[in-house]
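The chain contents come next:
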Amino acid sequence: MTSVAERDENGDSKGGSMTRRTPLGTPLAARRDLGWIGIPLVAAVGLAAFWLLPDDLALLTRIAASALFVLSLDLVLGYGGIATLGQAAMFGTGAYAAGIVAVNWNNDPFVMLAAGGLAGGLIALATGALILHARGLTLLMLTIAVGQIVQEVANKARDWTGGSDGLSGVDPAPVLGMFRFDMYGRTSYLFALAVLVVGLLVARRIVRSPFGLACRGVSEDPLRISAIGGSPKSYLVVLYGVAGVFAGVAGALTAVTSGIVGLDSAGFPWSAEALVMLVLGGTGRLYGAVIGTAAFMGIHHILAASDPFHWMGFIGLFLIGIVLFLPGGIASGLERLGGLLRGPSQNNGEDRA
Amino acid sequence: METMFGIAVDGVAYGMILFIISVGLSVTLGLMRVVNLAHGAFAMVGGYVASYAAQEAGLPYAAALVVAVALTVLATLPLERLLYRRIYGSANELAQVLLTIGLTFVIVAGINYLFGPTLKRIPLPELLTGTVELGPKAIPAHRAFVIAAGAATLLGLWWLLERTDFGIRLRAAVDDPAMAAALGIRTERLYLATFALGTGLAALGGVLGAELLPLEPYYAIRYIVLFLAVVAVGGAGSIFGSAAAALALGIVDTAGKYLIPSFGEFFFYAALILILFRWPHGFFKGRTA
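Sequence lines, in order, name chains A and B.
One point on numbering: in my numbering, the residue at position 104 of the first sequence is 104, and numbering is uninterrupted.
One point on numbering: in my numbering, the residue at position 208 of the second sequence is 1208, and numbering is uninterrupted.
Any given hint could be a false lead.
[Said to hold, decoys possible] Taking beta-carbon pairs under 7 Å as the criterion, some of the chain B residues facing chain A (in silico):
hint: 1; residue: 1094
hint: 2; residue: 1095
hint: 3; residue: 1099
hint: 4; residue: 1105
hint: 5; residue: 1106
hint: 6; residue: 1109
hint: 7; residue: 1225
hint: 8; residue: 1228
hint: 9; residue: 1232
hint: 10; residue: 1272
hint: 11; residue: 1273
hint: 12; residue: 1280
Since the hints were derived computationally from the structure, they do not count as laboratory data.
Even glycine gets a Cβ: it sits at the ideal position worked out from N, Cα and C.
With the rest of the complex left out, here is chain A:
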């Protein structure tokens, strides 16, 4: 129902959407407004953080790269409705592809990103075609198994990947031949931020395209999509492949900025963490992925410094709280707050949402 209503609204994207109400009473206008502001806001906050937190650039870089990965999961889960615990398979494949290309052939950062995206997309297409007919627990298990196999292959192919020691010695060339990756991580961070913003723009374009709307249709009612002549599985496989490109680029970005690729980049815990971050932020919103990642990794940075187990307890309680009290994640909380601030008179029907 969301997709239909939003398609109605696509006509007047220039302005006036603040006052427009859909007959359904859901806060679509609020969601769309935040969507527009979201990407410039991410860029602005990211740049502000560059000057405000010059000592934490390594952490900020990790957040930007991880946010792109979580964004790929949002495409799969938030728009395709595919519950997966194996998204790290694509991330790890992309990271290893970028690392191997850099060590053996070409260390230009853009070539590395392209290699990562290509590898991630290919493995996602191949495995997606194999597993996406399943549902529920079976699908969860299949995605986990794909991740474990990628990890196991990376572990076995010692000559290429360094096995359990990790692939080190990835030394990317200066960006565009001008900006060297300095030891303070300034170039790394700005590069990662730029890739993240471009990724958000592309993702936004994809989810608003007819293809993106069709995918949302599949997640809401596959039977109806096949009734009007679409093929649910092929939409999902393509979406899975597109998200695989994003995850692969995110992995390559991590390889570029950190200079090392480890086995854990394809592991089950990393997939599960991405899911947690996405849900903290809110699914099906794109910028929810950024909010969730920043919140998760920021709090992790502060709490895990004392004891990693405190961190686990905290995040566990937080997750339970989110599921029970705020099923849409932080982003939906912000939207509700935004709706309240704009004036209670407009909001009579919205508080249920």
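Add chain B to chain A, keeping to what the hints say.
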């Protein structure tokens, strides 16, 4: 020949442990349709309680086992009322995964806070440390005990589900919860009892399997994939399916580790993908779709 025998004994014992833990998960998944990722955490809690009871409180092994199962069930029953009841049903799979991952994290942190990060042991009684003569071969008594316990669990569950009033109600509720409720079966009580049965089996497996799946705080996260794999292959809600899947996966995994250790768990997951690709509802079709 000697290796084959070793693989068979260890594989079957390992499979029995997987069976005892996973069948609890399978029963709750089949009835309540809840993907309970915290199931491994419940097994871990059972193991830790038994370890504490045996080492600190000095109880004998059998008493520690009973105490562990009873305490784990008592401790998790409030969770069913407060948390799980809200997420029953196959519609909110994602909420189930997240809530139970969150619960797992909390339990891992709590266990580490209470017992520390070191490996815990449950000392075996003398009766179980020796070997059992079996014709010309001798097998470790603990392995024999585990295999016997697994077989007893299998028979007991079969009897419980096929031959008792409780089992009849349970199967009715699995087939059609709404109709079962309309016929006067108190499904809420049934859910509570089934949840208790599931966690009790998890705790039992956690204690019995402490030699094979060592007890440490990350136990809950490390082995849950294994338990889920058994349920996915066996088919949710099917006891004999779980048993066959657990034994098969246990033997495949053990054989892989003995014969080609460098490949780790590659064959395990490759077999899993092939089986699930061909039989998406589990090799032994469960009662649920």
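Is the interface hint for residue 1232 of chain B satisfied, with its Cβ closer than 7 Å to some Cβ of chain A? holds, 4 Å
Close enough to count: is the Cβ of residue 1225 of chain B nearer than 7 Å to one in chain A? holds, 6 Å
Per-residue hint verdict: residue 1106 of chain B, partner chain A, C-beta under 7 Å: At 4 Å from the nearest chain A Cβ, residue 1106 of chain B passes the 7 Å test, so the hint holds.
If you take the shortest Cβ to Cβ gap from residue 1280 of chain B to chain A, is it below 7 Å? Constraint on residue 1280 of chain B satisfied, holds at 5 Å.
Taking the least C-beta to C-beta distance, is residue 1105 of chain B closer than 7 Å to chain A? holds, 3 Å
Can we keep the residue 1109 of chain B interface hint, with Cβ of chain A closer than 7 Å? At 3 Å from the nearest chain A Cβ, residue 1109 of chain B passes the 7 Å test, so the hint holds.
Less than 7 Å between beta-carbons is the criterion; does residue 1228 of chain B satisfy it with respect to chain A? holds, 6 Å
Evaluation of the interface hint that places residue 1099 of chain B against chain A, nearest CB under 7 Å: At about 4 Å, which falls below the 7 Å cut-off, the nearest Cβ of chain A leaves the hint on residue 1099 of chain B intact, so it holds.
Does residue 1094 of chain B hold up as a contact with chain A if the rule is Cβ-Cβ below 7 Å? holds, 6 Å
The hint names residue 1095 of chain B as touching chain A; please verify it with the least Cβ-Cβ distance against 7 Å. Holds, about 5 Å.
Min Cβ distance, residue 1273 of chain B to chain A: is it shorter than 7 Å? Holds, about 5 Å.
Per the CB criterion, is residue 1272 of chain B less than 7 Å away from chain A? holds, 5 Å
Violated hints for the displayed structure: none, as all numbered hints are satisfied.
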